[in-house]
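Q: These protein sequence lines map, in sequence, to chains C and E.
Numbering that gives the first Met the number 0 applies: residue 0 is where the first sequence begins, and numbers increase by one.
Numbering that gives the first Met the number 0 applies: residue 0 is where the second sequence begins, and numbers increase by one.
Some clues are possibly wrong.
[Said to hold, decoys possible] No more than 30 Å apart at the CA atoms, straight line, and that leaves these computed lysine-lysine pairs for BS3-like:
id, chain 1, residue 1, chain 2, residue 2
1, E, Lys25, C, Lys276
2, C, Lys15, E, Lys82
3, E, Lys25, C, Lys88
Hints are computed from structural coordinates only; laboratory data are not their basis.
Just so we're clear, the structure is a prediction, and the values are computed from it rather than from any experiment.
If you want the building blocks of each chain, they are given just below.
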Amino acid sequence: MILHNDRPEDLETPVKYFDSWITPIDAFFVRQHLPRPAAIDPAAFRVKINGLVTKALDLSVADLEKLPQHTVPATLECTGNGRAFYSPKVPGIQWGRGAVGNGEWRGPRLSDVLKAAGVDTRAKFLEIDGADNGVAQTPDFVRSMPMEKALHPATLLALTMNGESPQMHGFPVRLIVPGWDGTSWVKWVVRLTPTATMSGGFFMNPGYRYPKYPLTPGTPARLDELEVIEGMPVKSTLTAPEDGAKLPLAPTTIRGFAWAGENAIERVEVSTQGGQKWQPAQLSTQKLPFAWRLFTFTWTPKAPGYHTIMARAMDTAGNEQPILPPWNPSGYLWNGIDRIGVTVERP
Amino acid sequence: MRISILLLSAAAAWGADQAVLERGQKEEQRQCLACHSLRLIHSQRLSRAAWTRELDKMAGWGTKYTDREALLEYLVASFGDDKPLPQPSVSDDGRGKK
Numbered sequence: 000m001i002l003h004n005d006r007p008e009d010l011e012t013p014v015k016y017f018d019s020w021i022t023p024i025d026a027f028f029v030r031q032h033l034p035r036p037a038a039i040d041p042a043a044f045r046v047k048i049n050g051l052v053t054k055a056l057d058l059s060v061a062d063l064e065k066l067p068q069h070t071v072p073a074t075l076e077c078t079g080n081g082r083a084f085y086s087p088k089v090p091g092i093q094w095g096r097g098a099v100g101n102g103e104w105r106g107p108r109l110s111d112v113l114k115a116a117g118v119d120t121r122a123k124f125l126e127i128d129g130a131d132n133g134v135a136q137t138p139d140f141v142r143s144m145p146m147e148k149a150l151h152p153a154t155l156l157a158l159t160m161n162g163e164s165p166q167m168h169g170f171p172v173r174l175i176v177p178g179w180d181g182t183s184w185v186k187w188v189v190r191l192t193p194t195a196t197m198s199g200g201f202f203m204n205p206g207y208r209y210p211k212y213p214l215t216p217g218t219p220a221r222l223d224e225l226e227v228i229e230g231m232p233v234k235s236t237l238t239a240p241e242d243g244a245k246l247p248l249a250p251t252t253i254r255g256f257a258w259a260g261e262n263a264i265e266r267v268e269v270s271t272q273g274g275q276k277w278q279p280a281q282l283s284t285q286k287l288p289f290a291w292r293l294f295t296f297t298w299t300p301k302a303p304g305y306h307t308i309m310a311r312a313m314d315t316a317g318n319e320q321p322i323l324p325p326w327n328p329s330g331y332l333w334n335g336i337d338r339i340g341v342t343v344e345r346p
Numbered sequence: 000m001r002i003s004i005l006l007l008s009a010a011a012a013w014g015a016d017q018a019v020l021e022r023g024q025k026e027e028q029r030q031c032l033a034c035h036s037l038r039l040i041h042s043q044r045l046s047r048a049a050w051t052r053e054l055d056k057m058a059g060w061g062t063k064y065t066d067r068e069a070l071l072e073y074l075v076a077s078f079g080d081d082k083p084l085p086q087p088s089v090s091d092d093g094r095g096k097k
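Pulled out of the complex, with its shape left as it was, chain E reads as follows (with noise of 0.2 Å):
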């Protein structure tokens, strides 16, 4: 009985957090993109400290959340300073050249 609340739990809390997650990915969508494509965020790994520092920088610069607690969560999670390095995009040189 313990074991299966246990587990419900953990679903629960999975569940709410996948949920909280695509919040902040559609809230990241919504004020980011305006002003600099996203490549620019996903090269980070940054501290939870270190986003909110970000989130404040840009609210100065005139960013409107209207979600910015799942945005925070969505970037901790998905480019904290835990998570391994992007490998670097590299165009293909002399392509489409004429």
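The following block holds chain C by itself, in its conformation from the complex (with noise of 0.2 Å):
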């Protein structure tokens, strides 16, 4: 892995591991604004429901095990993935390509555990907090989305990822909001609170805004001209060849994914050409919302030397990658062309 930060850690997946629909435990990208927990024992460990709800609950895992389960195939990308792409350079964990991995998500919707504490109708957002906390008086990371998605069928109260529940990615109970980027995620979630209005501190005002219209390259944003990210753009990431790769005048297999939040992937394009061209990759079957397509090209080369690859993706709602996103003071939602290098060597 990309050794970001070790205290807390900030891991991120180098594009290698990047070729299979479900990305590994072990190869999956971390990302942690504070400490992590100390050692959760599952058989302890509670979730509160509280605020504007007409039963307020301590479900134990083993409380949400006994509501149905469902399965959601979806996207994790934390929202400042390829923040080492924007220029001039801003604050925060240089991510490239790789803070980002498809998980197989498991437990109750979200919405059922509602339920079952009776959610006032005045209740508007829910308020979500994690057993992480602060050093010093670092915020706590506590996070409000609103109903309509709290209640959306594909929100999970997930107990597991790929089969397993590992405490790094959050578990015995984290949030699964499929489509929306990492910071809805809460992992480790404590506490569920129905409110009226949004609320959460830090993390949710000024931290994960983003500009309402793009801002000049490299000056701040006054606090109004911010709103909060819900989702992410459609995006589509080269895997392989590896950015500066040496390849033989052969035959290639150029292989990536794409994915583009609450929607589904319609096509990806590829240019071996620096962009003067453009042809269709294959396109894997699964055509989901929320959840990446691989794709691959075989490209032939037919002259050595330097070549530029790219590649775009458009979505079901006919949305198309830009070639330059736009600049924001916190470097979210980079979704720019895809661009690497290779040469190829003479015979």
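With the hints as a guide, dock the two chains, each given alone in a separate frame, to form the complex.
A: In structure tokens:
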């Protein structure tokens, strides 16, 4: 893994590990704002539900296991994935291509959990807190999401990821918000509180906000120019060959994956001529909202030398990847057309 | 004569800078390490204005600087936006697995 930070752990997946539709747990990226909670005993773990409910609850993992279980394949992407590609540089972990992964998440629907507590009709938002805590006066990681998304049938209180329950990735209980960026996927969920208005601390405001309109690169934003991020834009990532690779003068398989938040991927195109001409890539069969599709393209280089390979994706709603996404002060939501360079060696 | 005075002042200025940078590095160890590893800082390449905003943010989260100006000079001199990007650290995957 690419080690961005060791305390707390922030680990990026090298692109060479992205060769399967489901990303293995030990190759899955890790992003932490705060130190991980001390070892959790799943048997003693409880999720409190309070606030605008008719019956406050204190649920164990066993209670959650008794509710109907659902499986959702979904792509989890750190909101700052690709931050390193923005210019001018912005503060934050300098993620490249690998703060993203595709998992198979399983657990009860969040809507079933909330129904058990009887959510008041005045509740328009849900506040979610994880077991992690800040150091010194670092704010606690608390998020708030619209009740409509909380009640979406694909939104889960997951108990497993790819069939396991890894504490490193937020288990025994992790919120799964398919189609939305990783900030909403709260780890080690210990409290759910329906509220009338949006709440949460630093990690809702000013954290994880995006300009309402493009800003002049390098300039800070005023608070009233920012809004909460909900969702992920259409994006493709090249995973093979690796940037800077040396290749023989022979057919090569170009590979990658593409995803589009709440939409599915309609088309991916590849250019081996610096974007002068584009050709359709072959897509894997899964055409699902929330989850990525793998793509391949067989390329036979006609001449030795340096070649620029690019990929661009289009989703089922007609959105296309831009050449250059708008610069923003925190470097969120990078989805520029992906580009790598390879050298084809002389025979 | 004039040349030697210029040289002397340059050396003095350089010496002062070095001392400030060393103080800044000590301040980094005193203030930053309690909450996170230094890797998080050393991987950034930021302008003076951006580093200033980062120090303000950390002050808001409880950092009580004792030598803030030296820390800022050290960060700008070592991890400014004119500095080359660092090589990523990659783990030895699979090593130590049983």
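Q: Hint by hint, note whether the structure agrees.
A: Tested hints:
| no. | hint | verdict |
| --- | --- | --- |
| 1 | E:Lys25 to C:Lys276 | violated (54 Å) |
| 2 | C:Lys15 to E:Lys82 | holds (28 Å) |
| 3 | E:Lys25 to C:Lys88 | holds (26 Å) |
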